Structure formats: structure tokens, C-alpha cells
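2 protein chains.
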Amino acid sequence: MHDTFARRMSTVHRSFIREILKVTADPEIISFAGGLPNPELFPVASMDQASHRVFADIGASALQYSTTEGDAGLRAIIAERYAKRGLTVDPDSILITSGSQQILDISAKVFLDKGDKVVIERPGYLGAIQAFSLFEPEFVTVSLDHDGPDLDELEAAFKDGAKCFYAVPNFQNPSGVSYSLEKRRAVAELTDRYNVLFVEDDPYGELRFLGEHLPTVFSFCKQPGLLCGSFSKIAAPGFRIGWVVAPEKVVYDKLVIAKQAADLHTSTVSQSIMRRYLEENDIEKHVALIRERYGRQRACMVEMIGKYFPDGVTITRPEGGMFLWVTLPEGVSSMDLFDAAIKEKVAFVPGRPFYVDGSGENTLRLNFSNSDEVRIEEGISRLGRAIGAFLK
Amino acid sequence: MHDTFARRMSTVHRSFIREILKVTADPEIISFAGGLPNPELFPVASMDQASHRVFADIGASALQYSTTEGDAGLRAIIAERYAKRGLTVDPDSILITSGSQQILDISAKVFLDKGDKVVIERPGYLGAIQAFSLFEPEFVTVSLDHDGPDLDELEAAFKDGAKCFYAVPNFQNPSGVSYSLEKRRAVAELTDRYNVLFVEDDPYGELRFLGEHLPTVFSFCKQPGLLCGSFSKIAAPGFRIGWVVAPEKVVYDKLVIAKQAADLHTSTVSQSIMRRYLEENDIEKHVALIRERYGRQRACMVEMIGKYFPDGVTITRPEGGMFLWVTLPEGVSSMDLFDAAIKEKVAFVPGRPFYVDGSGENTLRLNFSNSDEVRIEEGISRLGRAIGAFLK
Chain S
39 MHDTFARRMS TVHRSFIREI LKVTADPEII SFAGGLPNPE LFPVASMDQA
89 SHRVFADIGA SALQYSTTEG DAGLRAIIAE RYAKRGLTVD PDSILITSGS
139 QQILDISAKV FLDKGDKVVI ERPGYLGAIQ AFSLFEPEFV TVSLDHDGPD
189 LDELEAAFKD GAKCFYAVPN FQNPSGVSYS LEKRRAVAEL TDRYNVLFVE
239 DDPYGELRFL GEHLPTVFSF CKQPGLLCGS FSKIAAPGFR IGWVVAPEKV
289 VYDKLVIAKQ AADLHTSTVS QSIMRRYLEE NDIEKHVALI RERYGRQRAC
339 MVEMIGKYFP DGVTITRPEG GMFLWVTLPE GVSSMDLFDA AIKEKVAFVP
389 GRPFYVDGSG ENTLRLNFSN SDEVRIEEGI SRLGRAIGAF LK
Chain E
39 MHDTFARRMS TVHRSFIREI LKVTADPEII SFAGGLPNPE LFPVASMDQA
89 SHRVFADIGA SALQYSTTEG DAGLRAIIAE RYAKRGLTVD PDSILITSGS
139 QQILDISAKV FLDKGDKVVI ERPGYLGAIQ AFSLFEPEFV TVSLDHDGPD
189 LDELEAAFKD GAKCFYAVPN FQNPSGVSYS LEKRRAVAEL TDRYNVLFVE
239 DDPYGELRFL GEHLPTVFSF CKQPGLLCGS FSKIAAPGFR IGWVVAPEKV
289 VYDKLVIAKQ AADLHTSTVS QSIMRRYLEE NDIEKHVALI RERYGRQRAC
339 MVEMIGKYFP DGVTITRPEG GMFLWVTLPE GVSSMDLFDA AIKEKVAFVP
389 GRPFYVDGSG ENTLRLNFSN SDEVRIEEGI SRLGRAIGAF LK
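Note that the protein sequences, when read in sequence, are chains S and E.
Basically this note's numbering = 1-based index in the first sequence + 38.
Basically this note's numbering = 1-based index in the second sequence + 38.
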């Protein structure tokens, strides 16, 4: 048996969410557990056309090895799209990655020694917790209020010698919380003051259906760290194309080395098709379509929760993204509720895995992007029934 | 500045080969430096058709997130292809990876603690040296004879407490050397006896144009380790699809955890197109075409070396693959020769980066897969001239 594993493997486990997804494969279950974009909105015909054009026009070079940095045309388009939103980004500071998950792996590889302090939000994004855990940091968590992190806790963590701060300031997964303009400025000021690397993960930023677009924390930093983006939520996740903006050349070069060692480069086929799709289609119009749909689904879910959930249950009211966060009365276990909910044929993700400190027992995550309004009404009424019975 | 990097980054550098490729971008230079398959042989029209069928038939699901383990149909095809060559493999023991480079990263992550002893061939595959280096092992090298590793050196390394042995037994990159049947059995026996994990990398195994197909070392092991494969050399590298066979369930599960943290899963688009291509085309016929072409190019290169290289220069005579290895007389530096060769408008890769111990100064690698016979004759005559002038 070859079962003498590296020490780092002892702290990580298979994603709890992926295990839950297996339980919810039953088609009778209405699942708010997943984190999937709505496939009805995928631009299938346009991608078909784009891929045909790629093979017809550039043929073999779309099938060949390519550079670690990524397709130059694709990086130029990403930079142009940032410019439209008021952010100047040098295409040469953009590294294409195999989904934005890969950025978490390579940035941890580049920056983290065992025991380094990494600050994350509480609750925090599970994919980041998993990727970082393999490099054995010490996690320090800061509470997430309705408008962003608790600044006193954040400063205390920074003072205590944090190496980096990882956060999702727009419509966070799992909580749906967004940072206010004031907190964005304050976070930037603190990361600059304490020279903490801020890793800003922004997969949902364009999916805002309420309120006004707010600038990235990155744009307020005098010494910007890393800004991570992805095509998964605005086009389609199956391509596995994300990117990281790393303005400091010395940092960019290290990320390239780590990326090269990880997979040489991201699929040339995926990149070529995505680039062609972006060149020949109006992605802004497509994103508007997604926003409109998710906005309706989110409104429906909030309304139905008001109608079907018992008193004492509170929720976040996300202005965008794909998730909404539920807090049950103190002392109630969402893990136990999960089993009761499955009997009612409805599923969610219990909140505890999003807390590295083992708290969050009375919380849970609901996804609204991947269910239409009919299923949302039915699912929320089932869940309300399960919670009601449970609270008695 | 965010320039406080993890300790592991101090030992690794940007790939020397990739830097060389920049020098050789000049179209007047005949380059034997790269490691590219011949793009003239890429099945562009079939891939175009396959991708259209994917979008037309399964549409949105080819664009959605998918499982970490990889497409079940694709894994079944890989298992069937092994069966044709006499190797029984359970599709559930196959994990699809983002190129076979990713296996090196995730297997190092799963198995290696800092200071663990990793045995590699001397010279060794550069991509593996880079991937492993990030996990700070102690490299132990064993000489590569014309028929495989020196068995005494290998046993001594195993006795000294090696954790794993990484090797490319078929037409190795960089040397072109293949293991004899006897050495395959002996290596399997030794890895079993000392309980060393054998990581067998086999990207070129199907590209044999001389001699008889030999079984994998993996097939001789009583406790088989990991067998790595790839579509890069038999179909096209741009998809970034490799795989690893891990028969021990406990090992497979750990690799899945590491893969999930690294990039969630390999491009659904890439996997779907590759699967459809394999279902609707005769890949064996296609591989035969590649073998025939590379065989001719290799024969031409060996012949021209006989004609144009001065005495005192020795070469390997690969029975397959993409590379051939040149040894200059003792004391001659291939690094210095490189500059002289560039003046003659011909390029190769100096051998030193393939030696972790800094030796190999008088060696170099030539690629024969990506040049036709006309360019091979002209390039080898230029290189012969450069070597001749250099040895005077």
C-alpha cells in the first residue's frame, strides 16, 4: 500500500458540498444546494459558431501548446472590459488560469509558508479554504457584517502579522454580502498600511441586479495585490477560464512559474473559443440577460421566504450574485435540519463548512441562480414546512 | 511591494526551455529545441466536426461545471484502449487531469513532505523537476543506460529510504531512451520490495516506430503506483487532457481532493470534444500516421548526424517518441555551443537543465517531431558545422 501521504493531506477532506450534490441527484428533490449558473442561459449556439470559426480560421494553432501567460487577444479583451468599468489594467499583468480556483492554488503556492497567517471572511468561500489548507497556513477569520468585514477585527488581524487577506467583496459566496463603498476604501487603506497582500476574488461582480456598481477594493489600493476574475458566471464555467491581475511584475513572474509547474497553460481550445465568442458577440447584452433572470429569481426567493419561513429566521438580502444566507435561531442545527429537509424533498448547504473555527451551526446557504420561480416557490414552502416542524 | 514569497519559490525558476523558445522565434532559425508535436498531423477537420456535434447534441451540459473525476465516457474509452494493449484498468481508477503536467503537481502535493527523497532519471524530465521542486524534496538521480536505469544505483537509492521514483520508461524526454523488458521487470520488483511509489509517465508509449511494444512497468508491479497518460502526443496538446491511473482507492481519493483544490475539474468543453472525437474517429489509424511520419523524421535525423557530425559525438537511437540525445566530447560545453549554433541559425536545448546535480554540460537534446526531412537535413548540416568549428 502506498498510503504514506504528505502531512498537508491530513487537514483536508473531500468537499462537503460535492458530497451533498450526490444526495440531491434525486430529480424529485428541489435543490438550492448547488452553486451552478443557470444552464438555460448558456450561449450554446454562439459557442458552436465560435468553435467552428476557430477550427476553420486558425485550425492547428488552436490545438497546439500555447504560452503559460495565456492568449494575448483574450487578455486584451479582459483589459478592455475592465476599462469600460473604469479600471485601467495592463494586459501584460493578466495571467489566464484554469478557472479562478487555480489562482487560489498558485497564489498560495507562491506566498504561503506553513503557519503563515491568512485572513478570511467568516463565513468564507469553501474553495479558498480547501486550496489554502493544502499549504498549512493559520487561518484568522473576521466577522462579516451586512456591509463588509468588521474593521476592528480586520485591523487586529493585520497587526498580528497577517500575510494576506482573501475576500469576495461582491455578493460573497456563501453569504451574498457586499462591501459598502466606505468599507472598500477602509480595507484598501488597511492592507496598504500593514502591507498585507489583498487577494480580491470577484467572480460575481457583474451580476448586480440592485443598487449601483461599486469599484473594486483593488482600485483603491496604493499597492494593489491580486484581482481574480472568471468567465464562469458571465459566459459558461465548462471552459475553466479565469484570470488574475497582478500589477507587480515580480509577483506576476512568480505566478507564471507556479502556473507553468501546475499545468503548463490553460486549454488552448477553451481560450480560442472564448476569445472568438467575445469578439463576435455582445457579452454585455448577455450579462444583462443573466442579471435580469437572477434578479427575478432572487426577488421571488426573498418574497417566498417572507411568506413561508417562521419568525426568528433571518436572511441576507443580496444585491447580486447567486446566493442568499439564512440564520436560524441560536442553538438550532442546520445539519439536523438538512435530514428533515431531504424528507420534504428540498436541499440546501449547511453553513458549518464555511467556518474554519467550527461555528456557524445555525446557518445555511441557498442558491437562487439555478431554479426558476415555480420551483423556488415550491422549494421554499417545503423548506419553510421543515423549519417550522423543526422549531416546534 | 508584495515580494515576501514562500520559501519554496526560491528554488525554482522560469523554464529555461521556454526562454530558449523565445530566442528561436526567428523564422530563419531551424529549431530542434522545442518539444512540440507536428501540427500538420492535428485532426483539425475531425475536431471541428466533433465540437459541432457536442454543442448540437449535449449543448448546455458541455458548458456546465462537471465532476472532478472527469467525463465517465472518456474514462471508459481510455480503459478500453489500455485493454487493447493488454492492460486491465478500472475506469473508476482513472482521474482526468489538465494535461499530464497536472499529475506531477497533484501527486507531489499528495505524497511529498519537504526533504522526502524522490528518485529521478539522470537526465530527467524538466517538467517533473519543476513541479516536484515546489514541494522541496531531496532529488536522488540514477544514471540512465541505453536500456534503462542503472539497477545498482536504483536499489541503493531505494535502500536509502526513497519515497517515490518518477520515470519515463518509453522514449524518455529528454534522452529518447527506453527500458528493456528485463529492466521493466527489475524496476517493478525493486519498487515492490522497497515499497517505493512508482510514478510511470507514459506520454510517448504509443509512438513506437522501431522494435516491439513493451508492457508498462506498472503492469509488472504487485502494488502498482501511478500510471500517467496524455492525449497531447496522440491527438493534440491544446485540449490539456491527461489522466492518471491510481488503482489504490485511498490514493485515488487523495488525488481527487488535490485536483479539486487545484482547478475543480478539467475543461468540460475540452473533455466533451475529445470524447466525441474518439467515439467517431479511428484514433489507432491516426496514431499510425504519426508513427510513420515521426519514424521517417527520426531516421533522417540519425542519417544526417552520421553524415554531418564530427567524430567523437555520440547519440541515442530512439525507437519512438520525439527526442534524440547528443553527447559531445568530455569538457565541451553545449551552453557555449548554443551561441555558436544560433549564429549558424540552428537551435537545440543544452542538456544541463535536465540534471539536478549541475552535470551534463556536454549533452544536448534534439527534437525530430516538428521538422520535415528537408529542414532536418539543412539543420543538422548547420549544427554539424557549428560543432566542427567548436571542436577545433
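Keep in mind that the hints were calculated from the coordinates and are not lab data.
This one's a predicted model, so the numbers in the text were calculated from it and none came from an experiment.
Hints are supplied without guarantee of correctness; some may be wrong.
A pair counts as met if it fits within one copy or between any two copies, since identical chains are not told apart.
Said to hold, decoys possible - Below, computed lysine-lysine pairings styled on DSBU-like, alpha-carbon distance capped at 30 Å:
| hint | residue 1 | residue 2 |
| --- | --- | --- |
| 1 | K287 | K60 |
| 2 | K381 | K197 |
| 3 | K430 | K381 |
| 4 | K287 | K197 |
| 5 | K155 | K383 |
Practice item. Would you list, in rising numerical order, the hints stated earlier that this structure does not obey? Key: 2, 5
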